[in-house]
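Residues per chain are reported as follows:
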Amino acid sequence: GNSVTQMEGPVTLSEEAFLTINCTYTATGYPSLFWYVQYPGEGLQLLLKATKADDKGSNKGFEATYRKETTSFHLEKGSVQVSDSAVYFCARWPSSGNTPLVFGKGTRLSVIA
Amino acid sequence: DTGVSQDPRHKITKRGQNVTFRCDPISEHNRLYWYRQTLGQGPEFLTYFQNEAQLEKSRLLSDRFSAERPKGSFSTLEIQRTEQGDSAMYLCASSWDTNTEAFFGQGTRLTVV
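Keeping their order, the protein sequence lines are chains G and L.
Here the first sequence is numbered in the numbering used here, starting from 1 and rising by one per residue.
Here the second sequence is numbered in the numbering used here, starting from 1001 and rising by one per residue.
Just so you know, the hints here were simulated from the structure itself, not pulled from any lab data.
Incorrect hints may have been included.
To be verified - Some chain L residues judged to face chain G by a derived CB distance under 8 Å, without partners named: (1) P1043; (2) T1098; (3) A1102; (4) F1104; (5) G1105; (6) Q1106; (7) T1111.
Claimed, not checked - To list a few chain G residues with every Cβ distance to chain L over 12 Å, as calculated: (8) E16; (9) F18; (10) T28; (11) G78; (12) F89.
Quick reminder that beta carbons are idealized off the backbone N, C-alpha and C, glycines included.
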């Protein structure tokens, strides 16, 4: 079926550390892939997206590359800041049909100074 | 455009009461989605509309839940005879089409006591 699996948190890092949050998906065809971020007490904000294989989405220093061969879309940032503390959700649209955006369970990131 | 707005932001209700939430999508978006998010989980799909037509409903949407989108603009989500298990954040999102990014509101947090 169509699903998204992300690494479980919480993840705690020191400021300026390197971040990787793993995300893999199962789907037929070529779904569009997204990372959303949710800051405390707020709704979800789109962080970045990729719509086809080998696309790299990037925003605010975060990057993720659509890897069809490994069905992955891992989120990375070279140097995290305290302000990056939030919950990160990987999500995908299916490649066809009317089924909606499907989310992973989320990964909580805490960055300490 | 002020984005997707939801009202109220918080609702506390007694078990057995009915509640109604409102969502105003981004004006040019024809697709509107309702999700439910419980603590520590990713958003779970409830239902969605294309214009005024309700195209899909999740099995999570019991008979006590009903959603409408009259005239294809704002949408309401009603929960009848609320139960404690209905306590969650209810998120609304809109998009121009499938496979394009969905923009989320800040959510309505429901607490059933």
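In rising order, the numbers of the hints this structure does not comply with: Result: hints 7 and 12 break, sorted rising.
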